[in-house]
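Protein chains in written order, with this note's numbering: chain A, 1 to 326; chain B, 327 to 650.
Honestly, I wouldn't trust all of these hints.
[To be verified] With a straight-line Cα cutoff of 20 Å, these simulated EDC-like cross-link-like pairs (lysine to aspartate or glutamate) come out:
1. 110/A x 355/B
2. 319/A x 381/B
3. 276/A x 490/B
4. 169/A x 355/B
5. 169/A x 490/B
6. 169/A x 376/B
7. 136/A x 490/B
8. 520/B x 324/A
9. 8/A x 324/A
Rather than coming from a laboratory, the hints here were simulated on the basis of the structure.
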Amino acid sequence: MSQPKTKKETEDLLELYRQMLLIRRFEEASAKAYSMGKIGGFCHLYIGQEAVGVGAISALEQKDYIVSTYRDHGHALARGLEPKALMAELFGKKTGIVSGNGGSMHFFDKSKNFMGGHGIVGGHISLAAGIAYASKYRGDGAVTLCFFGEGAANIGSFHEGMNLAAIWKLPLVMICENNHYAMGTPEYRALSVKDVSVRAVAYDIARDHIEGDEVRKVREHVRVAVERARRGEGPTLMEISTYRFRGHSMSDPAKYRTKEELEKYKQGDPLIKAEKDLLAAGWAQEELTKMDEIILKTVEESVDFAEKSEEPPLGWLYKHVYAENV
Amino acid sequence: MAVLTYREALNRAMTEEMEKDPNIFLMGEEVGHYEGAYKVSQGMLAKFGERRVIDTPISENGFAGVGIGAAMVGLRPIIEFMTWNFSLVAIDQIINSAAKMNYMSAGQFPIPIVFRGAGGAGGRLAAQHSQSFESWYAHIPGLKVLAPYTPSDAYGLLKTSIRDNNPTIFIESEVLYGSKGEVPEGEFLIPMGKSDIKREGTQLTIISWSRALMYVLPAAEKLAKEGISVEVLDLRSIRPLDEEGILASVRKTNKALIVEEGWNVAGFGAQVAYLIQKEAFDYLDSPIERITQEDVPMPYAANLEKSSLPSEEKIIKKVREMIK
Ligand SMILES: Cc1ncc(C[n+]2csc(CCOP(=O)(O)OP(=O)(O)O)c2C)c(N)n1
C-alpha cells in the first residue's frame with residue numbers, strides 16, 4: 001500500500017499506529033510481569049501480529065461483534081477495552097475485566113461487543129456463527145468478526161461453522177491469522193493447503209488472502225468483507241499472513257524455528273512499517289517518541305493499578321456459576 | 327384434565343413458550359420439515375415458519391455452538407439433539423462454552439439455552455445408540471440436568487427450562503415418547519430441584535428417575551401385594567438435586583435403594599448415596615443399595631440387553647433382601 005498522502009490519511013495512520021504501539025507495549029509489560037510471577041496460567045502474546053487485529057477491528061462499527069481466541073490481548077486492546085482492566089485481569093484481580101475469573105485467555109466485554117477470548121482451538125468459530133445467526137434472526141445489521149489461527153482451520157468446528165454460515169448466508173467474517181505455527185507445528189506439517197482461504201471454495205463463499213504487515217491494507221480488505229456481510233451476501237474466509245515474534249506462549253522458547261527466519265520476519269514488523277510511512281509523510285520523530293512515552297505511561301499505570309488492586313473476595317468463588325433467573 | 331402423550335406434552339410446552347417469546351427458536355436435525363426424528367416438533371414448522379424452526383445439517387458441534395453464540399446475544403434457543411448419543415460430538419461446546427460462559431465472563435454472558443432430545447437405553451439399539459448420560463452432564467457446574475418421567479412433568483419442567491437463564495440439559499426418554507398421562511389444563515410450571523413422590527410408602531425408599539421408573543413403579547406395586555410398603559421418589563431434576571426431599575423420605579423409611587439406567591461407576595446414584603450416608607446416616611437400618619445398568623456397553627441381543635438393564639425382578643429381589 002502506498003504511503004499516506006493527505007493530512008487526513010496521515011492522522012488516520014497515526015491513530016492505527018498508536019493502537020498497535022499500545023498492544024506492543026502492553027504485551028511487553030505483561031511478559032515482564034509474567035516472568036516476575038505476577039501473571040499465572042498461559043500467556044499468549046500477540047507481538048508481531050498487531051496490524052491484523054488493529055486493521056481488521058478498525059473496519060468495524062460499534063454494533064459489530066468480535067470473537068477471539070486465547071491470544072486475545074491485541075484484539076481486546078484494538079477494540080478499546082480498558083488496559084487497566086485487562087492488566088488487572090492478567091494479575092487475577094477483582095478489578096479485572098472479568099473480575100479475575102478468566103485471566104489471559106478469557107477477556108470479555110459486553111459493552112464493547114467483545115465476545116470473548118476462547119481457549120479451545122476453533123471451538124469459538126461456531127459461537128461466532130451463532131452470534132452472526134442472531135444478527136440475521138433479528139435483522140440488526142451487525143457483522144461478526146471471528147479471529148482464529150491456521151491451526152484451528154483443521155478442526156471440525158471450523159468446517160461445521162463455515163458450512164452453517166455458508167448455507168444460512170450469515171454476516172460473518174472469518175479471519176485466519178496465519179502466523180505459520182500452531183504451537184511448534186509449522187503449517188506445512190498440518191495443513192493440506194498453502195493458503196487457508198482456498199477452503200472457502202469448498203463452501204462456496206467469498207475468500208481473500210493478504211499479507212498482514214500493513215495495517216491500512218488489512219483494514220481495506222476486511223472492510224470489503226464486512227460490507228459484503230452487511231449487504232446480506234454471506235460470509236468471507238480470509239487468510240491474513242503474519243508472524244508472531246515470541247513463542248507460542250510465555251513458556252515456549254520457540255526452538256522449532258531459526259534465528260534467521262525470525263530476523264527475516266522482523267524486517268516486516270508492522271510497527272516499523274507504519275513508523276516509516278509516518279516519517280515519510282512528514283511526521284516528526286519526536287512526535288512519535290512522545291506518543292510512545294504516553295503509551296508507556298498508560299501501560300505503567302495499568303500495571304500499577306493491577307498490582308494495587310485487591311484479589312477477588314473468596315466469597316465470589318460461587319458467584320456466576322449460574323445466572324439469576326429474573 | 328387432558329390425557330397427553332409425553333411427546334405431545336413436550337410439544338405443547340415448546341409451542342406455548344414460542345408463542346410468548348419471539349426470541350425462542352428451535353433448531354436441530356430434522357426438527358422442521360420432518361417434524362422431529364421422534365415427532366416431538368410436529369406441526370411446529372407450519373406454525374412458526376422456517377425462521378424459528380430450523381433444520382440443520384448433521385453437525386452437532388456446529389449447531390450447538392451456533393445456539394450458544396445466539397444465546398450470548400440474548401436469543402433463547404432450544405437445541406434438539408436427535409438423541410443424546412450424538413451430543414458427544416458437541417460435548418466440547420456444551421461443557422467448554424455453554425456451562426462456563428457466564429462464569430468466565432463474570433456474569434456478562436448468561437446462556438439461556440435448552441439442549442433437549444431423546445436419551446436412555448433400550449429398543450435393541452446396541453452400544454452406540456442406547457445409553458444414559460445424566461451422570462456425565464450432572465458432573466458439570468454451570469449446567470442444569472433434568473430427566474422427567476411423566477408427560478405432566480415433561481411439560482412443566484420443559485417450560486421452566488426454557489425460561490431459565492442457564493444452559494439446561496433436558497433428557498427425554500425415547501421409550502416414553504408414546505406414554506400417556508394426565509396433564510392439567512392451563513399453564514403450569516414445575517420448579518427445578520423438586521423431586522416428586524410417585525408412590526407413598528413406609529418401609530423403604532426407592533430413588534429413581536426417568537425410564538427406570540417404568541420398572542420401579544410396577545415392582546413397588548407387586549411388593550405392596552406382598553405387604554412391603556415402598557416409597558418411590560422420582561428425582562425429575564438431577565441438578566439441582568432435591569436433597570431435602572431425598573433425606574425426608576429416607577428418614578421416614580430408614581432404607582434407600584437407588585435405581586438408575588446409567589452405569590454404576592461414577593454414576594449419579596453414587597452421589598445420592600453419599601448424600602444419604604452423610605446427612606442421614608443415623609436413620610439408616612441397612613446399607614444403601616444401587617441397581618444400575620451392568621458395567622458393559624449395551625449388547626444388541628434381546629436377552630442380553632434385558633439382562634443388562636434394571637428390571638422389575640431385580641428390584642423386587644433387592645427390596646426383599648433389604649427388608650429382611
Ligand atoms: C482443541 C484444542 N486442542 C489443542 C489445544 C492446545 N493448543 C492451544 S493453542 C494451540 C495452537 C493453535 O495454533 P493456531 O490455531 O495456529 O493459533 P496461534 O496460536 O498460532 O495463534 C494448541 C495446539 C487447545 N487449546 N484446544
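Against the structure, the hints:
1. 110/A x 355/B: Violated, at about 31 Å.
2. 319/A x 381/B: Distance of about 36 Å is beyond 20 Å: violated.
3. 276/A x 490/B: violated, 55 Å
4. 169/A x 355/B: holds, 19 Å
5. 169/A x 490/B: violated, 30 Å
6. 169/A x 376/B: holds, 15 Å
7. 136/A x 490/B: Outside the cut-off at roughly 24 Å; violated.
8. 520/B x 324/A: Holds, because 18 Å separates the two Cα atoms, which is no more than 20 Å.
9. 8/A x 324/A: Violated, because 48 Å separates the two Cα atoms, which is more than 20 Å.
Checked against the numbered hints above, the structure breaks hints 1, 2, 3, 5, 7 and 9 and satisfies the rest.
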